[in-house]
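Combine both chains into one complex, guided by the hints.
Residue numbers (this note's numbering), protein chains in the order written: chain A, 142 to 528; chain B, 52 to 385.
Calculated directly from the structure, the hints in this document are not laboratory data.
Because the structure is a prediction, the values reported are computed rather than measured.
It cannot be assumed that every hint is accurate.
[As the list claims (entries may be wrong)] Incomplete in silico selection of chain A near chain B, CB under 10 Å:
no.: 1; residue: F255
no.: 2; residue: I298
no.: 3; residue: H306
no.: 4; residue: A349
no.: 5; residue: P507
[To be verified] Which bits of chain B does chain A cover? Going by a derived footprint, with three or more residues having C-beta under 8 Å, they are:
no.: 6; segment: 111-123
no.: 7; segment: 150-160
no.: 8; segment: 215-227
[Unchecked claim] Just the calculated beta-carbon pair ranges, DEER-fashion:
no.: 9; chain 1: A; residue 1: Q505; chain 2: B; residue 2: H343; range: 22 to 32 Å
no.: 10; chain 1: A; residue 1: E186; chain 2: B; residue 2: G135; range: 39 to 49 Å
no.: 11; chain 1: B; residue 1: G110; chain 2: A; residue 2: S429; range: 41 to 51 Å
no.: 12; chain 1: B; residue 1: P250; chain 2: A; residue 2: D196; range: 56 to 66 Å
no.: 13; chain 1: B; residue 1: A283; chain 2: A; residue 2: E524; range: 49 to 59 Å
Beta carbons are placed, not taken as given, at the ideal position from N, Cα and C, and that holds for glycine.
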Amino acid sequence: MTALRHETDADIGDATEVVDPVPGAGAPHLPQQPDLVQLLTPEGERVEHPEYPLDISDDELRGLYRDLALVRRWDVEATALQRQGELGIWASLLGQEAAQVGAGRALQDGDMAFPTYREHGVAWARGVDPLHVMSLFRGVDNGGWNPVERGFNLYTIVIGAQCLHATGYAMGVQRDGAENAVLAFLGDGATSQGEVNEAMIFAASFSAPVVFFCQNNQYAISVPLERQSKVPLYQRAAGFGFPGVRVDGNDVLAVLAVTRNALRAAREGQGPTFIEAFTYRMGAHTTSDDPTRYRLADEVEQWKLRDPIARLKAYLSRSGLADAAFFDGVEAEADQLAARIRSGTVDMPDPRPTDMFDAVYAEQTPHLAAQRAAFEAYQASFEGGEH
Amino acid sequence: MAAEMLDAPATQTLTIGKALNLGLRRAMEDDPKVVLMGEDIGKLGGVFRITDGLQKDFGEDRVVDTPLAEAGILGTAVGLAMRGYRPVCEIQFDGFVFPAYNQIVTQVAKIHGRSRGALPMPIVIRIPFGGGIGAVEHHSESPEAYFAHTPGLKVVAVSNPVDAYWGIQQAIASPDPIVFLEPKRRYWEKAEVDTSATPEPLFGSRVVRAGDDVTVLAYGPMVKTALQAAEAAAGEGRSLEVVDLRTVSPLDLEPVYDSVRRTGRCVVVHEAPVTLGLGAEIAARVTETCFHSLEAPVLRVGGYDVPYPPSKLEEEYLPDLDRVLDAVDRAMGF
Numbered sequence: 142m143t144a145l146r147h148e149t150d151a152d153i154g155d156a157t158e159v160v161d162p163v164p165g166a167g168a169p170h171l172p173q174q175p176d177l178v179q180l181l182t183p184e185g186e187r188v189e190h191p192e193y194p195l196d197i198s199d200d201e202l203r204g205l206y207r208d209l210a211l212v213r214r215w216d217v218e219a220t221a222l223q224r225q226g227e228l229g230i231w232a233s234l235l236g237q238e239a240a241q242v243g244a245g246r247a248l249q250d251g252d253m254a255f256p257t258y259r260e261h262g263v264a265w266a267r268g269v270d271p272l273h274v275m276s277l278f279r280g281v282d283n284g285g286w287n288p289v290e291r292g293f294n295l296y297t298i299v300i301g302a303q304c305l306h307a308t309g310y311a312m313g314v315q316r317d318g319a320e321n322a323v324l325a326f327l328g329d330g331a332t333s334q335g336e337v338n339e340a341m342i343f344a345a346s347f348s349a350p351v352v353f354f355c356q357n358n359q360y361a362i363s364v365p366l367e368r369q370s371k372v373p374l375y376q377r378a379a380g381f382g383f384p385g386v387r388v389d390g391n392d393v394l395a396v397l398a399v400t401r402n403a404l405r406a407a408r409e410g411q412g413p414t415f416i417e418a419f420t421y422r423m424g425a426h427t428t429s430d431d432p433t434r435y436r437l438a439d440e441v442e443q444w445k446l447r448d449p450i451a452r453l454k455a456y457l458s459r460s461g462l463a464d465a466a467f468f469d470g471v472e473a474e475a476d477q478l479a480a481r482i483r484s485g486t487v488d489m490p491d492p493r494p495t496d497m498f499d500a501v502y503a504e505q506t507p508h509l510a511a512q513r514a515a516f517e518a519y520q521a522s523f524e525g526g527e528h
Numbered sequence: 052m053a054a055e056m057l058d059a060p061a062t063q064t065l066t067i068g069k070a071l072n073l074g075l076r077r078a079m080e081d082d083p084k085v086v087l088m089g090e091d092i093g094k095l096g097g098v099f100r101i102t103d104g105l106q107k108d109f110g111e112d113r114v115v116d117t118p119l120a121e122a123g124i125l126g127t128a129v130g131l132a133m134r135g136y137r138p139v140c141e142i143q144f145d146g147f148v149f150p151a152y153n154q155i156v157t158q159v160a161k162i163h164g165r166s167r168g169a170l171p172m173p174i175v176i177r178i179p180f181g182g183g184i185g186a187v188e189h190h191s192e193s194p195e196a197y198f199a200h201t202p203g204l205k206v207v208a209v210s211n212p213v214d215a216y217w218g219i220q221q222a223i224a225s226p227d228p229i230v231f232l233e234p235k236r237r238y239w240e241k242a243e244v245d246t247s248a249t250p251e252p253l254f255g256s257r258v259v260r261a262g263d264d265v266t267v268l269a270y271g272p273m274v275k276t277a278l279q280a281a282e283a284a285a286g287e288g289r290s291l292e293v294v295d296l297r298t299v300s301p302l303d304l305e306p307v308y309d310s311v312r313r314t315g316r317c318v319v320v321h322e323a324p325v326t327l328g329l330g331a332e333i334a335a336r337v338t339e340t341c342f343h344s345l346e347a348p349v350l351r352v353g354g355y356d357v358p359y360p361p362s363k364l365e366e367e368y369l370p371d372l373d374r375v376l377d378a379v380d381r382a383m384g385f
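Pulled out of the complex, with its shape left as it was, chain B reads as follows (with noise of 0.2 Å):
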């Protein structure tokens, strides 16, 4: 696989899943100190194959079936750091990571801190996250806003394969633990990645779209669905502004403030329960920051404020084209 990746051509069509897969190998070639840890990741790949093949190429010691316990995989993830390894934790599902809270927000987050810079943790922690696969309970999840508030962390969310490429050698790269969600429902998107070119920052977001009217936000899953409404929006003749945030902690919000200081209105995306979620902070920021250019309050879209409800109901509960386009509407009618 190796071989035949290396003879690839340097753009490729590539899924996020595939692409992560390359990211993985590729930071694996590079840094002899990056280690795979997680459930089933070994001989299954993963439970959506992310990390296929890695373990037959990589062997056991650099891609570790773990025992079925995630506080012992963020927990020895630390260890591993501080002895100069660079964990790349795979938590299977969104839901399955609270067992592995503790070590993450009173361990993971504080240790630079606590030694003053002495024990840097550049662990990764994947998290396959949000819903729209039809999945039982603690499937579904997106729990971004527990790790956006934990200093200490980054969190960053991608979109794509291009992103997912990059996003995931660059996360490994980085020197501080960063939570990287997956849009998991988003896997088997499929775009042109080419694997020569310079990649974008890992913290800073994009505008993905150009408009005129209204200002759309949104990361990992939920981009997808604010293009969708923006194409809808345009036979409509509303001209939607898109940004992918990309990176939930640190927000890069500058290409928004300008964005907005345009448009005058801004509508937030995003799966996870509205109340105290990301759209609150943003929604706060871009109120601060460009009140004076404001035609309408910063609406907020996303999940409703209910544990995530059966798989029957998620269409109902999860945003989508026609959500965003209700809130545009109503940021128009102000």
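Pulled out of the complex, with its shape left as it was, chain A reads as follows (with noise of 0.2 Å):
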């Protein structure tokens, strides 16, 4: 086989050793964990990691930047706007920005990612536009971009059920010998899942081009994840006969560093690779979510000293990479974002309501067609006179 790479064998080798029994509980003490890829400290320190140089110039550190404070943007406006009743619901990204710019970057044209439904940062990242991802939280359609154009399937919301798609995808990559990777997201909870485990076997067993990207935020909705895991969950990887790596996840360049080379070696054909990026939802799960009744405000207040905006802002700051006048100018760009989103979103039009019928099938049914001519009467018997 073929997955096992020499530069994460010490990962492997390790499978049993069991590092941190309760990750997440508690403060978190990410310097000290010793399996962590970190490029930038919280402090905004560059530190280098001898598996994981990385080649970036300082133009993409400035763009690195910006993605992650628009994103943020975008997100804050969406939360607003659900809070004014202009969408159903909104899943907040807020605190894994890093980890989410840092993957979708990674990837490259052809490249595939198949996403939850909180990857509104790969999304960004993949050239999607935020209106596409509002009008489904607004209940307009379930996602109107083009996955396959977009390098970026729709929002997947039954939880796990990506990763096999993500799988079969790549099985289809290896079939074509295309030179692409593709690259799968699953949350802490989502790696319980009967199908995302099938993935990993699948994955292992045909040496697919799949990278599973997990971001371990540390709650499935209210569920800590040691509910869910009794190892760290990068080591699970072992067991399914691939490397695993855990990440910083608030650390936007290591993200980028680790998970452009889990895809290299995917294209490569060196089979799957397994990524924890070790990061914390500061938010609620949904808007619907109340986190106060499971989480202590402590807890979020350590993991507000590890924001991943504000160590890549001190990191180009105090290495002369960025001045004032660069952050004023992604600040007004994010304040133009969040108003066309803000806009775009309240004058988005309702879709027809014979829309529901049309798409059902690719060769549509006799009945469906009755049943839709049938509504179709029904609702203009409403117009011009009584009923």
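So, in structure tokens, the structure goes:
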């Protein structure tokens, strides 16, 4: 096989040793985690990791900051729009911007990503118009972008189902002889799903070019990680026969480096990798959730110190890569984006009622066509008179 | 084997099993994107040998022995379909489809609509279904109603070698996901198959025996039972018209309405439990459409509302010739 690569053999070898039996409980100790890949400390200090050198230009660094700031601004605006009744619900990515932008920017043209329903930062990186995401949460459609054109599947709401789709897509990439990779997103809760485990088995068996990117944000709605796993999640990969790596999910540079590495390996035919991006969901699960019922404010306060945007800003400022004018410019751009999202959402037309009949099948059935016609006649009976 | 088939005469005597095998072969020859997936379908040729010899001729990338995980088979099929492939998934037995039920109902059925047509799901889910083979639990079920109830899926049930040969090819060529039900106890039934003929449409029912007194509807393994009942009834001077529904979703009931308007009586036969089975939907539609022609309520003959019983009881559980005739008698009694 195939999938055990030299640079991560150390991780595999440690599989039986429980390094961090209760990850995420209480105060996080990220710098003390021996296996955590980090390139930018919470204080914004750039550090090197022997296995993950990062080749990145100054423009790219500034671009990452812009991505993070804009995605957060979008998220804030969406939460506000939900509170004002303009969205049915919103799943906030607050705190997970670096994990998503880092992973999204590691993808190349021709690669394909399979999101859950929270990957707005990846959608952004793939060039999906935020209004397409907003239309989903507004209830207009199920996300209007073209998945294959964008290299970004539609959001998948049933937990973990998309990991199998990603694996199957990667099996197709393999059959096409294409040098592309597939990135499957999942959360910590999803690792308990049978389908996710089946996906990893299929991926390993066929050495499919897929990378499983798990954002461990510590909670599956209210249930903490220790209910899902007695071992650190990245160590699960050893049981499937491919490398697992834990990266500081609030460090966009480390996420970028680790994901790039795994995607490259997949493209080169080395099979899957499991990435655990260790992060924290700063907000509620969704706008319908109340996290004060299941976690302590103190925990949230500690994670604020690890903010993914603040540390990159500190690094850019300190190293002279960006000045106040740059940051002001990004902020102005973020405000423009928020205004566009707001007006675009509020002005979004409702779907036509008959839309629900029209894409159920590629080849419409006579029965459904008749039902549609009956529906139209019924609707029309209300127009211009008594019913 | 391929050469032998090419040299074969256009009309051959084939069992349903062989007809499916030949149909799958033709589909794979016609379209390199067709990929067969399932448990034991490669070297072994499937537990019913429906895929016999295909891996040898088309290779392991096109006839894939998957890990033993039905959700995994259907979930990866979704990804392959997104990539432009046409997966044909074999579920080994009817009762084993439920681990894949989540993928079929929440994903396979919905992705075309979710994507407003951007992601067609040309997936065929082959399921040997129905009882009568003396098997243990989970090997004799008729799960068609679960799938027929799910918008986005189409469901067909073949009853004979001709429909098996053409139907599997038509299903594979269809852009929509299709649950393809194979009457496992009839796999060894033979018929002449003209492989140069023009096939009938996949989604159409067909009158397979003309008659005047009662319209009997069946699909899959029960078509033979219905025809046997019609033969027996003829001996008693009763004329049954038998319709092979062929497609369970969408239903093609126009020929049924035409028939019922003439006979005034209708009996629906299936192996699945009667409550909320296909018979219930058909009875409702026939009643709505043919109300003034009906001389009797539409009657249902099906499995009892119990889990499929141990095989020593399946003869009592399954509709047979006598139970069909009993329903015919009752219909005539109104």
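Taking the hints in turn, this is what the structure says about them:
1. Among the interface hints, the one on F255 (chain A) holds; its C-beta lies about 8 Å from the nearest C-beta in chain B, closer than the 10 Å criterion.
2. The beta carbon of I298 (chain A) comes within 9 Å of a beta carbon in chain B, closer than 10 Å, and the hint placing it at the interface holds.
3. Nearest Cβ of chain B to the Cβ of H306 (chain A): about 4 Å, under the 10 Å cut. The hint holds.
4. Below 10 Å, beta-carbon pairs count as interface contacts, and A349 (chain A) has one with chain B at about 9 Å; its hint therefore holds.
5. Given the 10 Å rule on beta carbons, the hint for P507 (chain A) holds: about 7 Å separates it from the nearest Cβ of chain B.
6. For the segment 111-123 of chain B, the stated coverage by chain A is satisfied: 6 residues place a CB nearer than 8 Å to a CB of that chain, which reaches the threshold of 3.
7. Look at the segment 150-160 of chain B against chain A: 5 of its residues bring a Cβ nearer than 8 Å to a Cβ of that chain, three or more, so the hint holds.
8. Coverage of the segment 215-227 of chain B by chain A holds. Counting CB-CB distances below 8 Å, 3 residues qualify, and the rule asks for three or more.
9. Restraint check, Q505 (chain A) to H343 (chain B): a C-beta distance of roughly 30 Å satisfies the suggested window 22 to 32 Å.
10. At about 47 Å, the CB distance of E186 (chain A) to G135 (chain B) agrees with the hint of 39 to 49 Å.
11. Between G110 (chain B) and S429 (chain A) the beta carbons are some 50 Å apart, a value that agrees with the proposed interval 41 to 51 Å.
12. Separation of P250 (chain B) from D196 (chain A) is about 58 Å and conforms to the stated range, judged on CB atoms against 56 to 66 Å.
13. For the hinted restraint 49 to 59 Å between A283 (chain B) and E524 (chain A), the CB-CB distance of approximately 56 Å keeps it satisfied.
When held up to the earlier numbered hints, the structure conflicts with none and fits them all.
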